[in-house]
Amino acid sequence: MPLRSLTRAAALAASLATLIAAHPALAGKADDTLVYASDSEPENVSPYHNSAREGVILARNCWDTLLWRDPEDGTYKPMLATAWTWADDTTLDLTIREGVVFHNGDPLGPEDVAFTFNYVLTPEARTVTRQNVDWMKSVEVTGPHTVRIHLKAPFPAALEYLAGPTPIFPAAYFKKVGLDGFAKAPVGSGPYRITKVDSGRGVSMERFDTYWAGSPLGKPKIGKLQFRVIPDGESRMAELMTGGVDWIWRVPSDQAEQLRAAPNITVLNSETMRVGFLQFDTLGRAKENSPLKDVRVRQAISYAIDRKAMVDNLVRGASRVMNALCFVDQFGCTDQGVMRYPYDPAKAKALLKDAGYGNGFEIDLGAYRERDYAEAVIGYLGAVGIKARLNYLRYAAFRDSLRAGKVSIGYQTWGSFSVLDVSAFDGVYFRGGEEDLTKDPQVIADLQEGDGSTDPETRKAAYAKALQRIAAQAYALPMFSYSTNYAFTSDLNFTAQPDEVPRFYAASWK
Amino acid sequence: MSLPPDTAALAAPALPPETPVALAPVPSPTRLILRRGLRHSGFLIGAGILGLIVLAALAAPLIAPHDPYAQDVSRRLIPPVWQAKGTWDHVLGTDKLGRDYLSRLLYGGQISLLIGLSAALISGLIGTTLGLCAGYFGGWVDSVVSYIVTTRLAMPVVLVALAMAALVGGSLKVVVLVLGFLLWDRFAVVTRAATQQIRNQDFVSAARAAGLTDLRIIGQEILPNIMNALIVVATLEMAHAILLEAALSFLGLGVQPPLPSWGLMIAEGKQYMFFQPWVITIPGVALLLLVLAINLLGDGLRDITAPEARH
Amino acid sequence: MLAFTVRRVLVALAVAVTVSVASFLLLHLSGDLATAIAGPEATGPQIAQIRQDYGLDQPLLTQFLTWGWRALHLDFGNSFYFRERVIDLLAARLPITLYLGFIALAVALFVAIPLGVIAAVKRDTWIDRTALAVSVLGQAMPSFWFGLTLILIFSVNLRWLPVSGNATWKNFVLPAVALGYYAMPAVMRLTRNGMLEVLASDYVRTARAKGLPPRKILVRHALRNAVIPVIALAAVQFGFMLGGSIVIEAVFSLQGLGQLAWESIARNDFPVVQAIVLVLAMIYIGLTLAADLLNAFLDPRLRQS
Numbered sequence: 003m004p005l006r007s008l009t010r011a012a013a014l015a016a017s018l019a020t021l022i023a024a025h026p027a028l029a030g031k032a033d034d035t036l037v038y039a040s041d042s043e044p045e046n047v048s049p050y051h052n053s054a055r056e057g058v059i060l061a062r063n064c065w066d067t068l069l070w071r072d073p074e075d076g077t078y079k080p081m082l083a084t085a086w087t088w089a090d091d092t093t094l095d096l097t098i099r100e101g102v103v104f105h106n107g108d109p110l111g112p113e114d115v116a117f118t119f120n121y122v123l124t125p126e127a128r129t130v131t132r133q134n135v136d137w138m139k140s141v142e143v144t145g146p147h148t149v150r151i152h153l154k155a156p157f158p159a160a161l162e163y164l165a166g167p168t169p170i171f172p173a174a175y176f177k178k179v180g181l182d183g184f185a186k187a188p189v190g191s192g193p194y195r196i197t198k199v200d201s202g203r204g205v206s207m208e209r210f211d212t213y214w215a216g217s218p219l220g221k222p223k224i225g226k227l228q229f230r231v232i233p234d235g236e237s238r239m240a241e242l243m244t245g246g247v248d249w250i251w252r253v254p255s256d257q258a259e260q261l262r263a264a265p266n267i268t269v270l271n272s273e274t275m276r277v278g279f280l281q282f283d284t285l286g287r288a289k290e291n292s293p294l295k296d297v298r299v300r301q302a303i304s305y306a307i308d309r310k311a312m313v314d315n316l317v318r319g320a321s322r323v324m325n326a327l328c329f330v331d332q333f334g335c336t337d338q339g340v341m342r343y344p345y346d347p348a349k350a351k352a353l354l355k356d357a358g359y360g361n362g363f364e365i366d367l368g369a370y371r372e373r374d375y376a377e378a379v380i381g382y383l384g385a386v387g388i389k390a391r392l393n394y395l396r397y398a399a400f401r402d403s404l405r406a407g408k409v410s411i412g413y414q415t416w417g418s419f420s421v422l423d424v425s426a427f428d429g430v431y432f433r434g435g436e437e438d439l440t441k442d443p444q445v446i447a448d449l450q451e452g453d454g455s456t457d458p459e460t461r462k463a464a465y466a467k468a469l470q471r472i473a474a475q476a477y478a479l480p481m482f483s484y485s486t487n488y489a490f491t492s493d494l495n496f497t498a499q500p501d502e503v504p505r506f507y508a509a510s511w512k
Numbered sequence: 055m056s057l058p059p060d061t062a063a064l065a066a067p068a069l070p071p072e073t074p075v076a077l078a079p080v081p082s083p084t085r086l087i088l089r090r091g092l093r094h095s096g097f098l099i100g101a102g103i104l105g106l107i108v109l110a111a112l113a114a115p116l117i118a119p120h121d122p123y124a125q126d127v128s129r130r131l132i133p134p135v136w137q138a139k140g141t142w143d144h145v146l147g148t149d150k151l152g153r154d155y156l157s158r159l160l161y162g163g164q165i166s167l168l169i170g171l172s173a174a175l176i177s178g179l180i181g182t183t184l185g186l187c188a189g190y191f192g193g194w195v196d197s198v199v200s201y202i203v204t205t206r207l208a209m210p211v212v213l214v215a216l217a218m219a220a221l222v223g224g225s226l227k228v229v230v231l232v233l234g235f236l237l238w239d240r241f242a243v244v245t246r247a248a249t250q251q252i253r254n255q256d257f258v259s260a261a262r263a264a265g266l267t268d269l270r271i272i273g274q275e276i277l278p279n280i281m282n283a284l285i286v287v288a289t290l291e292m293a294h295a296i297l298l299e300a301a302l303s304f305l306g307l308g309v310q311p312p313l314p315s316w317g318l319m320i321a322e323g324k325q326y327m328f329f330q331p332w333v334i335t336i337p338g339v340a341l342l343l344l345v346l347a348i349n350l351l352g353d354g355l356r357d358i359t360a361p362e363a364r365h
Numbered sequence: 094m095l096a097f098t099v100r101r102v103l104v105a106l107a108v109a110v111t112v113s114v115a116s117f118l119l120l121h122l123s124g125d126l127a128t129a130i131a132g133p134e135a136t137g138p139q140i141a142q143i144r145q146d147y148g149l150d151q152p153l154l155t156q157f158l159t160w161g162w163r164a165l166h167l168d169f170g171n172s173f174y175f176r177e178r179v180i181d182l183l184a185a186r187l188p189i190t191l192y193l194g195f196i197a198l199a200v201a202l203f204v205a206i207p208l209g210v211i212a213a214v215k216r217d218t219w220i221d222r223t224a225l226a227v228s229v230l231g232q233a234m235p236s237f238w239f240g241l242t243l244i245l246i247f248s249v250n251l252r253w254l255p256v257s258g259n260a261t262w263k264n265f266v267l268p269a270v271a272l273g274y275y276a277m278p279a280v281m282r283l284t285r286n287g288m289l290e291v292l293a294s295d296y297v298r299t300a301r302a303k304g305l306p307p308r309k310i311l312v313r314h315a316l317r318n319a320v321i322p323v324i325a326l327a328a329v330q331f332g333f334m335l336g337g338s339i340v341i342e343a344v345f346s347l348q349g350l351g352q353l354a355w356e357s358i359a360r361n362d363f364p365v366v367q368a369i370v371l372v373l374a375m376i377y378i379g380l381t382l383a384a385d386l387l388n389a390f391l392d393p394r395l396r397q398s
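Protein chains in written order, with this note's numbering: chain H, 3 to 512; chain D, 55 to 365; chain W, 94 to 398.
Hint data in this document are derived by calculation from the structure and do not stem from the laboratory.
In this text, a Cβ means the ideal position worked out from N, Cα and C, and glycines have one as well.
If a hint is listed, it holds; no wrong ones were tucked in.
Which stretches of chain H does chain W cover? Using the computed rule of at least three CB atoms under 8 Å from a CB of chain W, they are:
{"#": "1", "segment": "177-187"}
{"#": "2", "segment": "199-205"}
{"#": "3", "segment": "226-233"}
{"#": "4", "segment": "241-251"}
{"#": "5", "segment": "395-403"}
Using the sequences and the accompanying hints, generate a full structural model.
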């Protein structure tokens, strides 16, 4: 046996030994450790290299952004940037705050900002959600404390993005360790610092003691955070009930109602920005002669699903039926003049007959979360003769096979990276990108116009046109906004925000 | 080489190892078996329960009160009739999408039985063929078969089944095929051992002396004599397949919704186990009874047809 | 003994090679590897570059040999999903599954052997029948249901043991019971039959005639002989448990090899899946080989076949 194998075998034996001697996981107020659990983990902790909600949570608790959107009034406030001015429509000048340090002690300066953005713009960086960054052309350092962002085209939503999915990386450290090293030992400048990344199992964090004073996020009150991956919903709930974890979310409504009655557990329901929708393979890439190429079939599917009944009985809480493909509070989102598809199975059957599918057809349906909702959709489709076969995957795998054109109907949900601008939603699915299954030039043009105009009214009009066409052509069927049930120990002060980002840095023990 | 005897007998973990190898060379008279059967309580109970389940499953279209696929989300999670809010319209209540649970249970019985039977049939065909060849011809054929069996045993079943289902996409057909192609090892081992015993019996030598072809000897002399053993293995494998389907469905790669297999119903009911336990208990008990009945039947059959095999 | 050993080792090697071909093919059946390695954001030229870099444009046999050589050195490449080497993921998870397997086996043996002995001694009494009934009933229960029921009783209601995770030995108790339960019936039946056989044998009868105390006969003479096949069974069962722990690990969120395998399948992360298949198969092959050799050593009759 080669020496390397021998050392590996020894390491294995050693880890077996430590495992047996391991100490119990601490949770709760007594240990000042907030343990939160979710069902899956981001494939890469680096915020630009995953599009999972669990990744967004880590990003918002461990990395600072240039700007900060005040959830109270929706205005942008200084964070890592103390001031910003538009030199012209495509040039944004920012002044970077002095005295901020990264978790590894490196000072944060304009070089870090320029490096981060220039890096994530390169094709080699393989940024997962390019929509978040590709409005930038390049970034240059213009002075000891200033940077200038050059835009590709006017992009009025820029500030919204700078206040969200664009955290700042430490340039020197990242260059030294590379993306792989960064994924294992990430460094940011946020209120918590990541102490350990355990692939597929969780992430440990602790309060960053030298977090800059005066941050709008404030100094965290809870000393340690621990994110645990517990794939099984019942195990998560049992853990909460027995005090093994302190905070869970996405508790199905049926169980949330029961949990409410339990002592020591607080249940909170809140609408989120996440919108569920069916995305159709309108180009017929996944299946030869796909019936979905026919607009009548897509409309039939839209009429066949009783979204109201699903909201009232399955989803419940604060969720609402959506008619336009976006979240109502996003800038530019409107369902005025958008075609509606009330539940009408008879009409669905008639449309299918018209399209030559009087006897229905078989189709695959991909999904990655809330299996119940996908099954309800399958049930409704079955009632009008469409046999849908469920293909249930983990998010990244689902997303990748959708991008590769292997999914006929995708049960998608999108939380827009918590960006309150329609570009963050429809831009991902209908502006010609990888997840655009339609590539309709007209929709693409409308969205580009909306993204690039500086006049708010022009933007709104352009987005409205795009949304109307998406609905009329039934390229996608918006289902409903999601509401989530948070359940946590009654020892915890926790408030939820509709942007679906739990702010653990603001939580405290009672 | 020969298959290590211990490995052979212990082929599958979830099932009893004492598969019959000691067989009566001449089949016992039918009447004797019948008389023994009627005295064997395990056999009777097993046969009775299984008969009822088969009957209910076959008669599902006649006796099911509702369409098992008709969903009505406004009538979801109605408890069974014996609970406070139950109604006689849904005797066993409704599931998470408001489908009638009794109807789904009846139709689900069809699917679980279908999975068990077809998987046992496929694996029986593969395993018996291999076992007969190995046992009858011996020599290098035996070595090759033993090597195939050992290789198959070395592959982790659940994992390979999962991976294959994931690659092809889970469906009823895929589940049946995957299980059928994975669970033949015990058939092969038992058939081989039984064939080896019979091969040297006088009546086989006589047939050979009479100039019968190998194929005819296998078909006419050997196969009928190992049939009892095969039926016992078939029952065990049927139970095994049904349980494995439940596990695959639990892991999300078994039978796909909206088909109501019992395994899938348990898997879906899992979500309600803390607060609405009947959702998981009803299909769970059904599956337990079915597998129990099949196992009792199998054990009983072995006792009846080869009483000397049991101490 | 030597001839037997050589023969047995050769078979094990042949099986190992076959299994590795199968697991190699599993990876290649999973889709275009270059596209998968490159990731969804990659462009055409990037994919072509990777195809070349990884030798994926070579003939399949060349690829297999390269792969096999690397696998021999425990190099299974990188995970498609995590930016980590497969071997590192495995090394982090295997101990948990091994540990679970050991405890489960211990639980199974600890319960099943005494039960088998008692069942044999008290043959055809209610004790014997109850033991049988427990084993039959156990086999009829889906393992995940049993596991969740254990959680419900011992974690949620009684609060004796933790629900999930692998922080302390306490976390392993319930999963080990759930996993071990399924190995119990086989061990019990084998012990019972072995005991019955030995108890009926001449030398036990002689010992009895000599007037030795029954307990001494039972332990010193009967059990010692009856337990030989159980050792082999235990080794085999351990192999099966490692492969079968996938469901139990999913229920208890025990982040061992089984859960890694399950999640890797759901993530289309086939380098990890095939490495796990290979490792589990190799462990099984090693265990059965050891068990056979041990058995042959203990029981010379077996060497003849």
